Amino acid sequence: MTKRTLGLAGILGFLLTWELIPRLGLVEARFLPPASEVLAALAVDFQLTAFWAAVGETLLAWVLGLAAAVLLAVAAGFVVGSSQFLRRFTNSTVEFLRPIPSVALIPLAVLLFGVKIESSLMLIIYASFWQIFIQVLYGVADVDNVAMQTARSFGLKTVARVRYVVFPTALPYLMTGVRLAASVALILAITAELVIGSPGLGREIALAQSGGAISGMYALIVATGLIGVLINLLMRFIERKTLSWHSSIRSEVIV
Amino acid sequence: MRIAKSFLYVLGLPALLVLIWWLSTLGATSFFVPTPGTLASTFGKTWFGDRIFTDVLPSILRLLAGVSAAIILGILAGLLIGSIPWLRALTEPVLEFFRAVPPPVLVPVLMLLMGISDSMKVVVIISGCIWPVLLNTIEGVRAIDGVLSDSAHTYGIGGWARVRYLVLPSAGPQILAGVRQCLSIGLILMVISEMFASSSGLGFTIVQFQRSFAVPEMWSGIVILGLIGVAMSFIFQFTERRILRWYYGLREVENAV
Chain A
1 MTKRTLGLAG ILGFLLTWEL IPRLGLVEAR FLPPASEVLA ALAVDFQLTA
51 FWAAVGETLL AWVLGLAAAV LLAVAAGFVV GSSQFLRRFT NSTVEFLRPI
101 PSVALIPLAV LLFGVKIESS LMLIIYASFW QIFIQVLYGV ADVDNVAMQT
151 ARSFGLKTVA RVRYVVFPTA LPYLMTGVRL AASVALILAI TAELVIGSPG
201 LGREIALAQS GGAISGMYAL IVATGLIGVL INLLMRFIER KTLSWHSSIR
251 SEVIV
Chain B
1 MRIAKSFLYV LGLPALLVLI WWLSTLGATS FFVPTPGTLA STFGKTWFGD
51 RIFTDVLPSI LRLLAGVSAA IILGILAGLL IGSIPWLRAL TEPVLEFFRA
101 VPPPVLVPVL MLLMGISDSM KVVVIISGCI WPVLLNTIEG VRAIDGVLSD
151 SAHTYGIGGW ARVRYLVLPS AGPQILAGVR QCLSIGLILM VISEMFASSS
201 GLGFTIVQFQ RSFAVPEMWS GIVILGLIGV AMSFIFQFTE RRILRWYYGL
251 REVENAV
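Residue numbers (the UniProt record's numbering), protein chains in the order written: chain A, 1 to 255; chain B, 1 to 257.
In isolation and in its complexed conformation, chain B is listed as follows (with noise of 0.2 Å):
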């Protein structure tokens, strides 16, 4: 009965969207939007086949590598950054302001300084997430609880101990809130940077059907950015999930007090 419950509080919504979709659709055939029986056949037809392997999956590629790149760099960078003071003054207020670049006005820099390659695509990536995790880094190392951390210096924990058992524990959960908005920072530039400069790829095909108008095959491509989307969401929640147990365990133990 739970289960029956909790599977129409899942669904319900989407089968009624789905279904007033397909009856506003049903009389009148708008040419901007395609009934569902349409879209779902175009869907099939359109990314089962060769397009797996010459856009789809080099398009999630290079997603992965530049967010993946840009964790590690913003992590890296954040912890050094975060546990010297002077630096972080020194580099608080261009830092600042790189953040504020909107990122997608990178593409036609790197486009010049590289050209139009598949580095160049990752790197407009990186570039464009590596900030909310760096800064989030930065801040996370900033607040460590002054008691903890000197503790662990009259324990004469130091070094990569510190990092591991103090710094990366405190900091985890503003780490991982960077990490959220680094990953779908990354899903827009990578569909941006295709669509600028690119032969292949999912920005590149989605706007050349925009481009010859193919209605369906064009929405086919918005439900494929958006299943991406969902995908790297739900892995993202279930990796927070089994990273921050303790710390989700700790704030259902304060929270029931």
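Chain A on its own, in the form it takes in the complex (with noise of 0.2 Å):
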């Protein structure tokens, strides 16, 4: 048997399992009901507009929130990369700042923008920030000297020394923080909308719970995974297209 169809026999072994565990009375159907039931609210929902107005809203706060973090980190990043000093200096800064879990925020958000997307926007850039930066900050840190003194004895300028060998140095690392972010971006998109109930699926969820639709909760529940597989699959794409020239790209076997 291929790993294509293995997988497909243990996503359809899952969704058998779901079915049978509230059908044999092992979790009460009103708790957990059955994967038919759920798929089906979900088809109901893919015909909804409210449901995509809910999809546009938690994608939109994603990709706002996650450009402005991408660009800041980047900005930042290549500041203090490049100085040995300003990396030591912030140092102690960046180790106490960035392990603050960005749900403690939520109640200054509430606080300062209320039930909008500006609160999300807050979470969001403040964990893909540091999930970025750090990775800018190893990028620019592994430049090869050879390659940096080469460059320089061609007389190659700062503008041009940064372009042709600190950033094609750094990329991969960039690429690979901005994919953590992308993910962690939802993480906090999703949550924000649960918590403070700005607008999004997240939002959407909570109702449905609390207004005692439970499939349509499973349902919403069943999109959120679905959406953060596509976003893992796109941001996977992104980066085998821009890093298609690194070694790590070119010798990849599989995946």
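These are calculated hints, taken from the structure and not from any lab test. Mixed in with the good hints, there may be bad ones.
Distance condition first, Cα-Cα at most 20 Å in a straight line; then the derived DMTMM-like pairs of lysine to aspartate or glutamate [to be verified]: (1) Lys5(B) x Glu95(A); (2) Lys3(A) x Asp50(B); (3) Lys3(A) x Glu92(B); (4) Lys3(A) x Glu96(B); (5) Lys157(A) x Asp144(A).
If you want the footprint, here are the derived chain B segments under chain A, 3+ residues with CB under 8 Å [as the list claims (entries may be wrong)]: (6) 38-45; (7) 51-57; (8) 92-103; (9) 129-143; (10) 169-179; (11) 182-191; (12) 199-210.
The model shown is predicted, which means the values in this text are computed figures rather than measured ones. Glycine is no exception: its CB is placed at the ideal position from the N, C-alpha and C atoms.
Could you use the hints to bring the two separately framed chains together as a complex?
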């Protein structure tokens, strides 16, 4: 059997187990509806404009937040990373700020912005920024000394050196950071909607749960998972395209 | 001299930032941003007292229980799935899906399935934290050097000895990368599960402060979460250095060449 059919069998097996657990009464169906019911609810959702509007809201927050985080982190990362002094000077502060969970900022975001997309954006940017920033720092630090000296002796100016030596070295690191940040941004987007109630899929889940629409809630959760899978695939694709020249992609056999 | 210099490096920027913060709140008292002095005194008043036992410690215990269970389960399942190729192919798409589900959406589900209790919060933490550990372990096990694996086979090393001396060391760096991600997810989930459904705990208390517009208290709660995050990350770095001492040593040798 090939890998693909096995994977398909795995999915079917999982759905079957899910179907059987409530049908056999291991868990009450009003807490865990069978898979067929949830998938039917999802199919109904796919025909609703409200569902797509919520997906749109979530993706809008995701894309804006991620873009802002990338811009900020790349700018800050290149500046801080290219100076030994700045790197050491900021290290303790970065190590302090980075582990602060961005959900801790939820109360502050609510006070400052209320139930709006800005609250989500604040959390998304904070969480994604560090992922990318740290990667860019590593990337800039990884520049090959010989390449740098060569560029210098060829008389490349600072801008050209950044463009032709530092940037290509840092790019694989940057892409890893962006890929990690993309999934973190989705988590935060949905969390913000779930907890704060800013518009989007997360809020729909909270509404479905408090309204007792249990299959609807499960359907929305499956939808968030599907969006997550799609985002992962998309980011992998972008990474592969931008790094097609890099040995890590060229030598990759599988996946 | 060197100690003084590195001392300056560590404390320079934080001191500067606090100074800017202090100066900027000196003139106009903003409602949203307390002065450093107010924050410090509120911090002491708010958290040193009963709250340590009613809110802080239970939260931390739940976090530790959830994270350690997730790490153990993730590594065990990862070793199993990673070393059996057909099992890996069978489970891969399903696992990819579960990893892609944003962990916080599981809070309402588990609330429904298990009711509002301590064990539900621990399960929420486990259900979110297990994926990075699990998937990284699978990847790590898969990427074991073929020559090493064959040698171990030739020498008749199998069973537990193989896991102990071949699989765990070679997958170690990757497993720990997963653990690092799992720690921050754990902290996030601890806070969210308490914000959602609880009458105690850090997340609950902070939201309570926010709703009653007790702004300095709310900030002090954010600071406490920050401190927990920082402490966890330091403990992790220390442990990682110890566990992977051979690995960092190896890398230094390789880089020096």
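Against the structure, the hints come out as follows:
1. Lys5(B) x Glu95(A): Within the cut-off at roughly 19 Å; holds.
2. Lys3(A) x Asp50(B): The hint is violated at about 56 Å.
3. Lys3(A) x Glu92(B): At roughly 9 Å apart (the allowed maximum being 20 Å), Glu92(B) and Lys3(A) satisfy the hint.
4. Lys3(A) x Glu96(B): Holds, because 15 Å separates the two Cα atoms, which is no more than 20 Å.
5. Lys157(A) x Asp144(A): The given pair, whose Cα atoms are some 17 Å apart, holds under the 20 Å limit.
6. 38-45: violated (count 0)
7. 51-57: violated (count 0)
8. 92-103: holds (count 11)
9. 129-143: Our answer is that it is violated, as 0 residues pass the Cβ test (under 8 Å) against chain A, missing three.
10. 169-179: Violated: only 0 residues of the stretch 169-179 of chain B have a Cβ under 8 Å from chain A.
11. 182-191: holds (count 4)
12. 199-210: Holds: 5 residues of the stretch 199-210 of chain B have a Cβ under 8 Å from chain A.
Violation of the numbered hints given earlier is confined to hints 2, 6, 7, 9 and 10; the remaining hints are satisfied by the structure.
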